[in-house]
Amino acid sequence: EPEVTQTPSHQVTQMGQEVILRCVPISNHLYFYWYRQILGQKVEFLVSFYNNEISEKSEIFDDQFSVERPDGSNFTLKIRSTKLEDSAMYFCASSENQASSGKLFFGSGTQLSVL
Amino acid sequence: GESVGLHLPTLSVQEGDNSIINCAYSNSASDYFIWYKQESGKGPQFIIDIRSNMDKRQGQRVTVLLNKTVKHLSLQIAATQPGDSAVYFCAENPGTASKLTFGTGTRLQVTL
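Heads up: the sequence lines are chains G and D, in that order.
Quick note on numbering: my numbering labels position 63 of the first sequence as 63, and the sequence is numbered without any gaps.
Quick note on numbering: my numbering labels position 4 of the second sequence as 119, and the sequence is numbered without any gaps.
Hint data in this document are derived by calculation from the structure and do not stem from the laboratory.
Glycine included, C-beta positions come from ideal geometry on N, C-alpha and C.
Certain hints may be false.
Claimed, not checked - Straight-line Cα separation of at most 27 Å, DSS-like style, residue types lysine-lysine; simulated pairs:
{"#": "1", "chain 1": "D", "residue 1": "K152", "chain 2": "D", "residue 2": "K171"}
{"#": "2", "chain 1": "G", "residue 1": "K57", "chain 2": "G", "residue 2": "K42"}
{"#": "3", "chain 1": "G", "residue 1": "K42", "chain 2": "G", "residue 2": "K103"}
{"#": "4", "chain 1": "D", "residue 1": "K171", "chain 2": "D", "residue 2": "K183"}
{"#": "5", "chain 1": "G", "residue 1": "K42", "chain 2": "G", "residue 2": "K83"}
{"#": "6", "chain 1": "G", "residue 1": "K83", "chain 2": "D", "residue 2": "K186"}
{"#": "7", "chain 1": "G", "residue 1": "K103", "chain 2": "G", "residue 2": "K57"}
{"#": "8", "chain 1": "G", "residue 1": "K42", "chain 2": "D", "residue 2": "K152"}
{"#": "9", "chain 1": "G", "residue 1": "K57", "chain 2": "G", "residue 2": "K83"}
{"#": "10", "chain 1": "D", "residue 1": "K186", "chain 2": "D", "residue 2": "K171"}
{"#": "11", "chain 1": "G", "residue 1": "K57", "chain 2": "G", "residue 2": "K78"}
{"#": "12", "chain 1": "G", "residue 1": "K57", "chain 2": "D", "residue 2": "K171"}
{"#": "13", "chain 1": "G", "residue 1": "K103", "chain 2": "G", "residue 2": "K78"}
{"#": "14", "chain 1": "G", "residue 1": "K57", "chain 2": "D", "residue 2": "K157"}
{"#": "15", "chain 1": "D", "residue 1": "K183", "chain 2": "G", "residue 2": "K103"}
{"#": "16", "chain 1": "G", "residue 1": "K42", "chain 2": "G", "residue 2": "K78"}
{"#": "17", "chain 1": "G", "residue 1": "K42", "chain 2": "D", "residue 2": "K171"}
{"#": "18", "chain 1": "D", "residue 1": "K157", "chain 2": "G", "residue 2": "K103"}
{"#": "19", "chain 1": "G", "residue 1": "K42", "chain 2": "D", "residue 2": "K157"}
{"#": "20", "chain 1": "D", "residue 1": "K171", "chain 2": "G", "residue 2": "K103"}
{"#": "21", "chain 1": "D", "residue 1": "K183", "chain 2": "D", "residue 2": "K152"}
{"#": "22", "chain 1": "G", "residue 1": "K42", "chain 2": "D", "residue 2": "K183"}
{"#": "23", "chain 1": "D", "residue 1": "K152", "chain 2": "G", "residue 2": "K103"}
{"#": "24", "chain 1": "D", "residue 1": "K186", "chain 2": "D", "residue 2": "K152"}
{"#": "25", "chain 1": "D", "residue 1": "K183", "chain 2": "G", "residue 2": "K83"}
{"#": "26", "chain 1": "D", "residue 1": "K186", "chain 2": "G", "residue 2": "K57"}
{"#": "27", "chain 1": "D", "residue 1": "K186", "chain 2": "G", "residue 2": "K103"}
{"#": "28", "chain 1": "D", "residue 1": "K157", "chain 2": "G", "residue 2": "K78"}
Said to hold, decoys possible - Coverage of chain D stretches by chain G, computed from C-beta distances (three or more under 8 Å per stretch; other residues unrestricted):
{"#": "29", "segment": "152-165"}
{"#": "30", "segment": "213-223"}
Please work from the sequences and hints to get the whole structure.
Have a look at this one:
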């Protein structure tokens with residue numbers, strides 16, 4: 001069964017450093033998402049991406065965050081200057097259709113620890 | 116404000132029994148609801164979905180019930196198995212096209 005893959009599985013960084021989280025969505029999917037989950041809390045929406053542009057973003061997704069689809073297979077989340085409160089599990093997801101009419105397939109996540 | 120919440124943080128059931136996991140939502144504009152299962156160390160996995168024009172939908176061993184009058188969603192798992200042990204999240208699409216709002220999660224523990 002096709003799956004969304006994320007790398008790395010764990011990332012440790014110093015506060016103020018830049019990190020790039022990488023994702024390979026399912027190949028025939030057109031909609032891409034990043035969500036995050038702080039330990040013990042809800043899964044929170046960050047951003048959705050379609051047709052090479054952001055469709056929607058949450059208030060969490062401030063100027064320190066950016067997304068990119070640099071080629072036909074990868075989808076990345078960059079945090080420019082990490083803060084302690086960015087520590088969370090970051091999930092990439094993709095769907096064939098928009099979230100309202102299709103189901104999302106999630107990757108296994110990248111655990112980001114900011115020290 | 117908008118919220119999707121779960122009544123019970125942990126549910127313990129015996130193997131073979133039926134499980135019922137509940138979820139309340141507050142946004143009456145939501146028209147699409149999904150249940151996800153999250154096993155330890157993995158991302159959320161789609162289980163079943165339901166649109167607001169339905170009140171019941173069945174899958175393999177799972178049934179989702181939607182009561183729009185009281186803004187309540189439930190997931191029923193028949194003949195619960197040890198492999199069903201996980202955290203279950205309800206999620207809603209609050210009318211915007213591209214995001215889901217997740218609830219806080221219920222941990223299902225299946226005892227032998």
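Now the hints, each set against the structure:
1. D/K152 to D/K171: Given pair D/K152, D/K171 holds - Cα atoms ~19 Å apart, limit 27 Å.
2. G/K57 to G/K42: holds (17 Å)
3. G/K42 to G/K103: holds (18 Å)
4. D/K171 to D/K183: holds (11 Å)
5. G/K42 to G/K83: OK: G/K42 and G/K83 at ~19 Å, within 27 Å.
6. G/K83 to D/K186: Cα-Cα ~37 Å, so violated.
7. G/K103 to G/K57: Roughly 19 Å between the alpha carbons, so the hint for G/K103 and G/K57 holds.
8. G/K42 to D/K152: Distance of about 13 Å is within 27 Å: holds.
9. G/K57 to G/K83: holds (19 Å)
10. D/K186 to D/K171: holds (14 Å)
11. G/K57 to G/K78: holds (14 Å)
12. G/K57 to D/K171: Not OK: G/K57 and D/K171 at ~31 Å, beyond 27 Å, violated.
13. G/K103 to G/K78: Distance ~25 Å between G/K103 and G/K78 Cα, so the pair holds.
14. G/K57 to D/K157: holds (24 Å)
15. D/K183 to G/K103: Judged against 27 Å, a Cα distance of about 21 Å means the pair holds.
16. G/K42 to G/K78: Holds: G/K42 and G/K78 sit about 21 Å apart, inside 27 Å.
17. G/K42 to D/K171: Holds: G/K42 and D/K171 sit about 25 Å apart, inside 27 Å.
18. D/K157 to G/K103: holds (17 Å)
19. G/K42 to D/K157: holds (15 Å)
20. D/K171 to G/K103: holds (18 Å)
21. D/K183 to D/K152: holds (23 Å)
22. G/K42 to D/K183: holds (23 Å)
23. D/K152 to G/K103: holds (13 Å)
24. D/K186 to D/K152: holds (21 Å)
25. D/K183 to G/K83: The given pair, whose Cα atoms are some 40 Å apart, is violated under the 27 Å limit.
26. D/K186 to G/K57: holds (26 Å)
27. D/K186 to G/K103: holds (21 Å)
28. D/K157 to G/K78: Within the cut-off at roughly 22 Å; holds.
29. 152-165: holds (count 7)
30. 213-223: With 8 residues in contact (Cβ-Cβ under 8 Å with chain G), the coverage given for the segment 213-223 of chain D holds.
Of the numbered hints given earlier, the model fails hints 6, 12, 25; all others are met.
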